[in-house]
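Peer 1: For the sequence shown, the residue numbers in the working numbering are 3 to 255.
Simulated from the structure, these hints should not be mistaken for laboratory data.
All of these numbers come straight from a predicted model, not from anything done at the bench.
Misleading hints may appear alongside valid ones.
Unchecked claim - Once the Cα atoms are required to be at most 27 angstroms apart in a straight line, the calculated DSS-like pairs of lysine-lysine come out as:
id	residue 1	residue 2
1	Lys181	Lys153
2	Lys9	Lys153
3	Lys153	Lys5
4	Lys29	Lys181
5	Lys218	Lys248
6	Lys187	Lys153
7	Lys248	Lys187
8	Lys181	Lys248
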Amino acid sequence: MGKDYRKEYPYFYETHLHTSEASACAKSNGADMAAACRAAGYTGIFVTDHNWGGNTAVDRGLPWEEFVGRFVSGYEAARRTGERIGLDVFFGWEAGYHGTEFLIYGLSPSWLLAHPQLREASVEEQFSIVHEDGGLVIHAHPFREEYYIPKIRLFPSFVDGVEGINATHSSPKSHSHNKREFDEKAVAYAREHAFPVTAGSDIHSTHLLGGGMAFKRRLQDGQDFVRAVRNGEPYLLTNGEEWYDKNGIALPS
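Can you build the whole structure from these sequences, using the hints too?
Peer 2: Printed below as a string of C-alpha coordinates:
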(Lines of atoms letter the chains of each structure in order from A and count residues from 1; the text may use other names and numbers.)
(Lines give C-alpha, C1' and ligand atoms only; values in the text may rest on other atoms or scores of the structure.)
Protein backbone atom coordinates (compact mmCIF):
# COMPACT_ATOMS: atom_id res chain seq x y z
CA MET A 1 0.00 0.00 0.00
CA GLY A 2 1.33 3.43 -0.95
CA LYS A 3 1.84 6.33 1.43
CA ASP A 4 -1.38 8.07 2.49
CA TYR A 5 -0.58 11.74 2.06
CA ARG A 6 -4.14 12.68 2.94
CA LYS A 7 -3.46 11.93 6.60
CA GLU A 8 -1.23 15.00 6.85
CA TYR A 9 -3.14 17.00 4.24
CA PRO A 10 -6.78 16.03 4.86
CA TYR A 11 -8.56 18.96 3.18
CA PHE A 12 -8.91 18.22 -0.52
CA TYR A 13 -10.05 20.60 -3.28
CA GLU A 14 -10.91 20.27 -6.94
CA THR A 15 -9.71 23.54 -8.48
CA HIS A 16 -10.76 23.08 -12.13
CA LEU A 17 -14.35 21.97 -12.74
CA HIS A 18 -16.97 22.71 -15.40
CA THR A 19 -20.77 22.50 -15.38
CA SER A 20 -23.16 22.01 -18.27
CA GLU A 21 -25.08 25.17 -17.34
CA ALA A 22 -22.20 27.38 -18.50
CA SER A 23 -19.59 25.25 -20.31
CA ALA A 24 -20.61 23.86 -23.69
CA CYS A 25 -18.14 20.98 -23.34
CA ALA A 26 -19.47 19.83 -19.95
CA LYS A 27 -21.75 16.81 -19.60
CA SER A 28 -23.02 17.17 -16.01
CA ASN A 29 -24.81 19.98 -14.21
CA GLY A 30 -23.60 21.83 -11.14
CA ALA A 31 -25.73 19.92 -8.65
CA ASP A 32 -24.55 16.54 -9.93
CA MET A 33 -20.93 17.65 -10.02
CA ALA A 34 -21.12 18.78 -6.40
CA ALA A 35 -22.72 15.53 -5.28
CA ALA A 36 -20.13 13.43 -7.12
CA CYS A 37 -17.23 15.38 -5.63
CA ARG A 38 -18.62 15.11 -2.11
CA ALA A 39 -19.02 11.35 -2.54
CA ALA A 40 -15.43 11.14 -3.78
CA GLY A 41 -14.09 12.75 -0.61
CA TYR A 42 -13.47 16.33 -1.67
CA THR A 43 -13.70 19.04 0.98
CA GLY A 44 -14.53 21.63 -1.63
CA ILE A 45 -14.56 22.56 -5.30
CA PHE A 46 -14.02 25.59 -7.48
CA VAL A 47 -16.51 25.91 -10.32
CA THR A 48 -14.44 27.34 -13.19
CA ASP A 49 -16.72 27.46 -16.23
CA HIS A 50 -15.58 28.74 -19.62
CA ASN A 51 -16.21 32.46 -19.99
CA TRP A 52 -17.27 34.50 -23.03
CA GLY A 53 -13.80 34.05 -24.55
CA GLY A 54 -13.94 30.26 -24.37
CA ASN A 55 -16.32 27.37 -24.91
CA THR A 56 -19.23 28.93 -23.06
CA ALA A 57 -22.77 27.52 -23.17
CA VAL A 58 -24.23 31.00 -22.65
CA ASP A 59 -25.19 33.28 -25.54
CA ARG A 60 -22.34 35.79 -25.89
CA GLY A 61 -24.74 38.33 -27.38
CA LEU A 62 -26.75 38.74 -24.20
CA PRO A 63 -26.56 41.98 -22.22
CA TRP A 64 -23.87 41.74 -19.56
CA GLU A 65 -26.23 41.41 -16.60
CA GLU A 66 -28.16 38.58 -18.23
CA PHE A 67 -24.99 36.88 -19.44
CA VAL A 68 -23.48 36.85 -15.96
CA GLY A 69 -26.75 35.63 -14.42
CA ARG A 70 -26.75 32.61 -16.70
CA PHE A 71 -22.99 32.13 -16.53
CA VAL A 72 -23.00 31.71 -12.74
CA SER A 73 -26.01 29.37 -12.70
CA GLY A 74 -23.87 26.22 -12.64
CA TYR A 75 -21.89 27.57 -9.71
CA GLU A 76 -25.09 28.58 -7.90
CA ALA A 77 -26.59 25.12 -8.37
CA ALA A 78 -23.40 23.50 -7.10
CA ARG A 79 -23.28 25.87 -4.13
CA ARG A 80 -26.86 25.11 -3.10
CA THR A 81 -26.17 21.40 -3.25
CA GLY A 82 -22.89 21.88 -1.41
CA GLU A 83 -24.60 23.68 1.44
CA ARG A 84 -26.99 20.76 1.81
CA ILE A 85 -24.41 17.95 1.68
CA GLY A 86 -21.39 19.57 3.36
CA LEU A 87 -19.21 20.49 0.38
CA ASP A 88 -17.55 23.91 0.14
CA VAL A 89 -18.22 25.44 -3.29
CA PHE A 90 -16.15 28.41 -4.44
CA PHE A 91 -16.51 30.59 -7.53
CA GLY A 92 -13.99 31.04 -10.30
CA TRP A 93 -13.90 30.93 -14.07
CA GLU A 94 -11.72 29.92 -17.00
CA ALA A 95 -10.96 32.89 -19.21
CA GLY A 96 -10.21 32.14 -22.84
CA TYR A 97 -8.20 34.14 -25.38
CA HIS A 98 -8.08 32.42 -28.77
CA GLY A 99 -7.32 29.04 -27.21
CA THR A 100 -5.07 30.27 -24.39
CA GLU A 101 -6.83 29.92 -21.04
CA PHE A 102 -6.48 31.27 -17.52
CA LEU A 103 -8.11 30.23 -14.26
CA ILE A 104 -9.35 33.14 -12.16
CA TYR A 105 -9.79 32.69 -8.39
CA GLY A 106 -10.76 34.76 -5.38
CA LEU A 107 -13.53 36.92 -6.85
CA SER A 108 -17.32 36.64 -6.63
CA PRO A 109 -20.27 36.60 -9.03
CA SER A 110 -21.21 40.09 -7.85
CA TRP A 111 -17.67 41.28 -8.57
CA LEU A 112 -17.90 39.84 -12.08
CA LEU A 113 -21.24 41.55 -12.63
CA ALA A 114 -19.69 44.89 -11.66
CA HIS A 115 -16.82 44.57 -14.17
CA PRO A 116 -18.28 44.42 -17.69
CA GLN A 117 -15.00 45.81 -19.06
CA LEU A 118 -13.55 42.30 -18.71
CA ARG A 119 -15.54 41.27 -21.76
CA GLU A 120 -13.23 43.26 -24.05
CA ALA A 121 -10.08 43.14 -21.92
CA SER A 122 -6.75 41.92 -23.24
CA VAL A 123 -4.67 39.41 -21.28
CA GLU A 124 -2.67 42.30 -19.86
CA GLU A 125 -5.78 44.28 -18.94
CA GLN A 126 -7.41 41.23 -17.38
CA PHE A 127 -4.40 40.78 -15.10
CA SER A 128 -4.62 44.39 -13.93
CA ILE A 129 -8.39 44.33 -13.35
CA VAL A 130 -8.33 41.03 -11.47
CA HIS A 131 -5.35 42.09 -9.36
CA GLU A 132 -6.95 45.36 -8.38
CA ASP A 133 -9.33 43.49 -6.08
CA GLY A 134 -7.05 40.66 -5.01
CA GLY A 135 -7.90 37.98 -7.54
CA LEU A 136 -5.46 35.31 -8.71
CA VAL A 137 -4.61 34.50 -12.35
CA ILE A 138 -3.30 30.99 -13.07
CA HIS A 139 -2.27 29.92 -16.57
CA ALA A 140 -4.31 26.77 -17.22
CA HIS A 141 -2.59 23.82 -18.98
CA PRO A 142 -0.12 26.19 -20.73
CA PHE A 143 1.51 23.54 -22.94
CA ARG A 144 -1.55 21.55 -24.01
CA GLU A 145 -1.67 20.91 -27.75
CA GLU A 146 -5.12 20.47 -29.32
CA TYR A 147 -6.93 21.46 -32.51
CA TYR A 148 -8.66 24.36 -30.74
CA ILE A 149 -5.37 25.82 -29.48
CA PRO A 150 -3.75 27.52 -32.49
CA LYS A 151 -0.39 27.96 -30.75
CA ILE A 152 1.29 27.92 -27.36
CA ARG A 153 1.38 31.46 -25.98
CA LEU A 154 2.96 32.33 -22.65
CA PHE A 155 2.40 35.47 -20.58
CA PRO A 156 4.87 35.25 -17.68
CA SER A 157 4.39 38.92 -16.76
CA PHE A 158 0.61 38.61 -16.57
CA VAL A 159 -0.04 35.48 -14.48
CA ASP A 160 0.45 34.66 -10.81
CA GLY A 161 1.09 30.96 -11.26
CA VAL A 162 0.80 27.87 -13.42
CA GLU A 163 -1.52 24.86 -13.44
CA GLY A 164 1.31 22.34 -13.44
CA ILE A 165 -0.70 19.18 -12.78
CA ASN A 166 -3.80 18.76 -14.94
CA ALA A 167 -5.28 15.30 -14.37
CA THR A 168 -6.57 14.96 -17.92
CA HIS A 169 -2.95 14.87 -19.08
CA SER A 170 -1.69 12.03 -16.91
CA SER A 171 -4.51 10.22 -15.11
CA PRO A 172 -5.22 6.71 -16.49
CA LYS A 173 -8.91 7.54 -16.04
CA SER A 174 -8.73 10.40 -18.53
CA HIS A 175 -10.25 10.02 -21.99
CA SER A 176 -8.73 13.16 -23.54
CA HIS A 177 -5.54 15.23 -23.74
CA ASN A 178 -3.49 12.27 -22.47
CA LYS A 179 0.11 13.43 -22.69
CA ARG A 180 2.16 13.68 -19.52
CA GLU A 181 4.64 15.90 -21.33
CA PHE A 182 2.15 18.78 -21.12
CA ASP A 183 2.45 18.78 -17.34
CA GLU A 184 6.20 18.25 -17.33
CA LYS A 185 6.65 21.36 -19.48
CA ALA A 186 4.27 23.36 -17.30
CA VAL A 187 6.16 22.47 -14.12
CA ALA A 188 9.48 23.36 -15.75
CA TYR A 189 8.01 26.70 -16.88
CA ALA A 190 6.79 27.42 -13.35
CA ARG A 191 10.21 26.60 -11.93
CA GLU A 192 11.90 28.88 -14.47
CA HIS A 193 9.81 31.83 -13.30
CA ALA A 194 9.47 30.85 -9.62
CA PHE A 195 5.69 30.60 -10.03
CA PRO A 196 3.37 28.78 -7.62
CA VAL A 197 2.03 25.54 -9.08
CA THR A 198 -1.60 24.42 -8.84
CA ALA A 199 -3.37 21.18 -9.74
CA GLY A 200 -6.87 20.28 -10.90
CA SER A 201 -8.74 17.70 -12.92
CA ASP A 202 -10.27 19.94 -15.60
CA ILE A 203 -13.34 17.78 -15.07
CA HIS A 204 -16.43 18.04 -17.29
CA SER A 205 -18.62 15.23 -15.97
CA THR A 206 -19.20 13.06 -12.93
CA HIS A 207 -16.56 10.68 -14.32
CA LEU A 208 -14.09 12.08 -11.80
CA LEU A 209 -10.32 11.86 -12.14
CA GLY A 210 -9.45 12.64 -8.52
CA GLY A 211 -7.02 15.47 -9.17
CA GLY A 212 -6.63 18.59 -7.08
CA MET A 213 -4.84 20.18 -4.15
CA ALA A 214 -4.65 19.03 -0.53
CA PHE A 215 -4.14 21.38 2.42
CA LYS A 216 -3.47 20.93 6.13
CA ARG A 217 -6.43 23.14 7.02
CA ARG A 218 -9.88 23.88 5.69
CA LEU A 219 -10.05 26.89 3.40
CA GLN A 220 -12.53 29.59 4.36
CA ASP A 221 -13.34 30.86 0.87
CA GLY A 222 -11.82 31.68 -2.51
CA GLN A 223 -9.77 34.55 -1.12
CA ASP A 224 -8.32 32.20 1.48
CA PHE A 225 -7.18 29.94 -1.35
CA VAL A 226 -5.55 32.93 -3.04
CA ARG A 227 -3.69 33.81 0.16
CA ALA A 228 -2.55 30.23 0.66
CA VAL A 229 -1.11 30.00 -2.85
CA ARG A 230 0.48 33.46 -2.80
CA ASN A 231 1.97 33.06 0.66
CA GLY A 232 3.55 29.68 -0.03
CA GLU A 233 1.41 27.80 2.48
CA PRO A 234 2.09 24.03 2.54
CA TYR A 235 -0.06 21.99 0.15
CA LEU A 236 0.22 18.97 -2.10
CA LEU A 237 -0.84 18.36 -5.70
CA THR A 238 -2.27 15.23 -7.29
CA ASN A 239 -3.52 13.93 -10.63
CA GLY A 240 -5.66 11.42 -8.76
CA GLU A 241 -3.03 8.68 -8.91
CA GLU A 242 0.30 10.30 -8.02
CA TRP A 243 1.26 12.93 -5.48
CA TYR A 244 3.54 15.95 -5.91
CA ASP A 245 4.88 18.64 -3.63
CA LYS A 246 3.68 22.20 -4.15
CA ASN A 247 6.42 22.76 -6.74
CA GLY A 248 5.24 19.85 -8.87
CA ILE A 249 7.99 17.44 -7.84
CA ALA A 250 6.81 13.80 -7.62
CA LEU A 251 6.64 12.33 -4.11
CA PRO A 252 7.38 8.70 -3.19
CA SER A 253 4.42 6.39 -3.69
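Peer 1: Lys9 and Lys153: Cα distance at most 27 angstroms?
Peer 2: violated, 41 angstroms
Peer 1: Holds or violated: are the alpha carbons of Lys187 and Lys153 at most 27 angstroms from each other?
Peer 2: Holds, because 15 angstroms separates the two Cα atoms, which is no more than 27 angstroms.
Peer 1: Given the hint that Lys29 pairs with Lys181, test it: the Cα-Cα distance must not exceed 27 angstroms.
Peer 2: holds, 22 angstroms
Peer 1: If you draw a straight line from the CA of Lys181 to the CA of Lys248, is it 27 angstroms or shorter?
Peer 2: Since the Cα atoms of Lys181 and Lys248 sit roughly 21 angstroms apart, the hinted pair holds (cutoff 27 angstroms).
Peer 1: CA of Lys248 to CA of Lys187, is that 27 angstroms or under?
Peer 2: At roughly 16 angstroms apart (the allowed maximum being 27 angstroms), Lys187 and Lys248 satisfy the hint.
Peer 1: Within a Cα-Cα threshold of 27 angstroms, do Lys153 and Lys5 meet the stated pairing?
Peer 2: Roughly 39 angstroms between the alpha carbons, so the hint for Lys153 and Lys5 is violated.
Peer 1: Does the structure keep Lys218 and Lys248 at a Cα separation of 27 angstroms or less?
Peer 2: Given pair Lys218, Lys248 holds - Cα atoms ~13 angstroms apart, limit 27 angstroms.
Peer 1: Given the hinted pair Lys181 and Lys153, is their Cα-Cα distance within 27 angstroms?
Peer 2: holds, 17 angstroms
Figure legend: structure checked against the earlier numbered hints; hints not met, in rising order: 2 and 3.
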